[in-house]
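Engineer: Sequence:
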Amino acid sequence: MAHMRVKMASLKICSQSSKQWASLSSVIFLQPSAAYSTEVNVNSRMSAFRRGTGGRSSFNGVVATVFGASGHLGSVLCNKLGNTGTQLVIPYRGDFYDVAPLKLCGDLGQIYFTPYNLKDESSIRKALRHSNLVINVIGRDWETKNFSFDDIYVKGPKTIARIAKECGVERMIHVSALNANEQPEPLMLKEGSKYLSAKWRGELAVQEEFPEAVIFRPSDIYGSEDRFMTYYAAFWRRQGSGMPLWKKGEKTVKQPVFVSDLAQGILNAARNFDTNGQVYQAIGPKRYQLGELVDYFFRVMRKDKDWGYFRYDMRFDPLFTLKVFLTTKLPGWPIASLGWDKIERDHVTDCVDNSLPTLEDLGVSLTRIEDQAPWLLKPYRAHNYYDEDLGEFEKPAPPPVVA
235 MAHMRVKMAS
245 LKICSQSSKQ
255 WASLSSVIFL
265 QPSAAYSTEV
275 NVNSRMSAFR
285 RGTGGRSSFN
295 GVVATVFGAS
305 GHLGSVLCNK
315 LGNTGTQLVI
325 PYRGDFYDVA
335 PLKLCGDLGQ
345 IYFTPYNLKD
355 ESSIRKALRH
365 SNLVINVIGR
375 DWETKNFSFD
385 DIYVKGPKTI
395 ARIAKECGVE
405 RMIHVSALNA
415 NEQPEPLMLK
425 EGSKYLSAKW
435 RGELAVQEEF
445 PEAVIFRPSD
455 IYGSEDRFMT
465 YYAAFWRRQG
475 SGMPLWKKGE
485 KTVKQPVFVS
495 DLAQGILNAA
505 RNFDTNGQVY
515 QAIGPKRYQL
525 GELVDYFFRV
535 MRKDKDWGYF
545 RYDMRFDPLF
555 TLKVFLTTKL
565 PGWPIASLGW
575 DKIERDHVTD
585 CVDNSLPTLE
595 DLGVSLTRIE
605 DQAPWLLKPY
615 RAHNYYDEDL
625 GEFEKPAPPP
635 VVA
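Letter 54 of the sequence shown, counting from 1, is numbered 288 in this note's numbering, and no numbers are missing.
Derived from the structure by calculation, the hints contain no laboratory data. Accuracy of the hints is not assured; some may be wrong.
[To be verified] Derived lysine-lysine pairs resembling DSS-like cross-links, with alpha carbons at most 27 Å apart: (1) LYS428 to LYS353; (2) LYS485 to LYS557; (3) LYS485 to LYS424; (4) LYS353 to LYS399; (5) LYS482 to LYS576; (6) LYS428 to LYS557; (7) LYS576 to LYS424; (8) LYS389 to LYS399; (9) LYS424 to LYS482; (10) LYS563 to LYS428; (11) LYS539 to LYS482; (12) LYS424 to LYS389; (13) LYS379 to LYS520; (14) LYS424 to LYS557; (15) LYS520 to LYS629; (16) LYS576 to LYS563; (17) LYS392 to LYS428; (18) LYS563 to LYS424; (19) LYS629 to LYS482; (20) LYS353 to LYS392; (21) LYS482 to LYS563; (22) LYS485 to LYS576; (23) LYS481 to LYS539; (24) LYS379 to LYS557; (25) LYS557 to LYS576; (26) LYS482 to LYS612; (27) LYS482 to LYS520; (28) LYS520 to LYS485; (29) LYS576 to LYS612; (30) LYS389 to LYS557; (31) LYS428 to LYS379; (32) LYS563 to LYS353; (33) LYS482 to LYS428.
Turn these sequences into a full structure, and let the hints steer you where they fit.
Structural biologist: Written as structure tokens, this is what we have:
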């Protein structure tokens, strides 16, 4: 009889263990269901299985869905999240091999991929139903026939915020733009930048659906494979050896931010629940006149006046106007991201609101652009394969700082 009681007890334990494993496996493996239910059992979230000290080979209890992970900011952000033991769900569109390298951002079994479409709510719901954090860094510098700025920066974030609320996601971080404005001041476009206007409306849409969302407003972001520093270095942006800028760039002031600093700020905000509902300005440590900053880029590339470089007012160059117009009519990816809306917002002065916190309030030590430019612009140097002697070239003078 004792033998029979032991056997029955062991069967009961095995039965309970199998049920627990079935519940756990349904969470770990993102298997599609017939109807993506919004009813989420809090105890079934992966945060309930937190273990380790928070390093790359542990799990810190955060399951983050990162929309826009394949972009410039998204890839750096995923790397920082993965290094702290965050489990990542990465929605992607198009070819999987575009995002496959992000598998290395985390340890084995910590990075998941799922296809999605910004206009398909079921795919968004699938990407969010196991997460307790969602980060939206979706961005595009130009409109296409399938996605307008309104689709990318207003309707898309609004849908993500609404579904995140329905799925019980605890926190949301949304990346906007520093100069986002309901009615941007026009320079060369009659109604100003549609990009900046859409960013403003996107902020309001996210806050309406997810009031606790953390908003980041970054200035121009520079870093490896960016669309700021290398944008001005591209041959298609200039006219021969001349650089066309609106009013020679002398009426525009910029405060660019390093991509790693912005990613660190987002990571720090994700760790701190006190940041809920806050708006942060992501700006660099110094302000520069755009014309002087571009001059510095060309000094770093050893393309100064001796090389033939000069800067002029683009308003008096009809050939550059024609080039931009023809570039916007070409199919596919615009050469050097050249387009009227991009040029418009490139010449909008960065307006900083002193009443709002910045990355420094999140404990981020800001990086100077002079410390990164020589390395980032090295592939664009003139006579790049010339084996110079030690000290043959003088260190380029940094750009003057605007108070």
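Engineer: Now, for every hint given, state plainly whether the structure supports it.
Structural biologist: We went through each hint and held it up to the structure:
1. LYS428 to LYS353: holds, 20 Å
2. LYS485 to LYS557: holds, 23 Å
3. LYS485 to LYS424: holds, 19 Å
4. LYS353 to LYS399: holds, 17 Å
5. LYS482 to LYS576: Status holds; Cα separation ~16 Å.
6. LYS428 to LYS557: holds, 21 Å
7. LYS576 to LYS424: At roughly 14 Å apart (the allowed maximum being 27 Å), LYS424 and LYS576 satisfy the hint.
8. LYS389 to LYS399: holds, 16 Å
9. LYS424 to LYS482: holds, 20 Å
10. LYS563 to LYS428: holds, 18 Å
11. LYS539 to LYS482: holds, 16 Å
12. LYS424 to LYS389: Measuring from Cα to Cα gives roughly 24 Å; hence the hint holds.
13. LYS379 to LYS520: Violated, at roughly 38 Å.
14. LYS424 to LYS557: holds, 19 Å
15. LYS520 to LYS629: With a Cα-Cα distance of about 20 Å, the restraint between LYS520 and LYS629 holds, given a limit of 27 Å.
16. LYS576 to LYS563: holds, 15 Å
17. LYS392 to LYS428: holds, 18 Å
18. LYS563 to LYS424: holds, 19 Å
19. LYS629 to LYS482: holds, 25 Å
20. LYS353 to LYS392: holds, 11 Å
21. LYS482 to LYS563: At roughly 26 Å apart (the allowed maximum being 27 Å), LYS563 and LYS482 satisfy the hint.
22. LYS485 to LYS576: Holds, at about 17 Å.
23. LYS481 to LYS539: holds, 19 Å
24. LYS379 to LYS557: Between LYS379 and LYS557 the Cα gap is close to 21 Å, so the pair holds against 27 Å.
25. LYS557 to LYS576: holds, 14 Å
26. LYS482 to LYS612: Measuring from Cα to Cα gives roughly 25 Å; hence the hint holds.
27. LYS482 to LYS520: Holds, at about 20 Å.
28. LYS520 to LYS485: holds, 17 Å
29. LYS576 to LYS612: Satisfied, since the Cα-Cα distance of roughly 24 Å is no more than 27 Å.
30. LYS389 to LYS557: violated, 32 Å
31. LYS428 to LYS379: holds, 15 Å
32. LYS563 to LYS353: Roughly 25 Å between the alpha carbons, so the hint for LYS563 and LYS353 holds.
33. LYS482 to LYS428: holds, 23 Å
Hint compliance for this structure: hints 13 and 30 are not met, and every other hint is.
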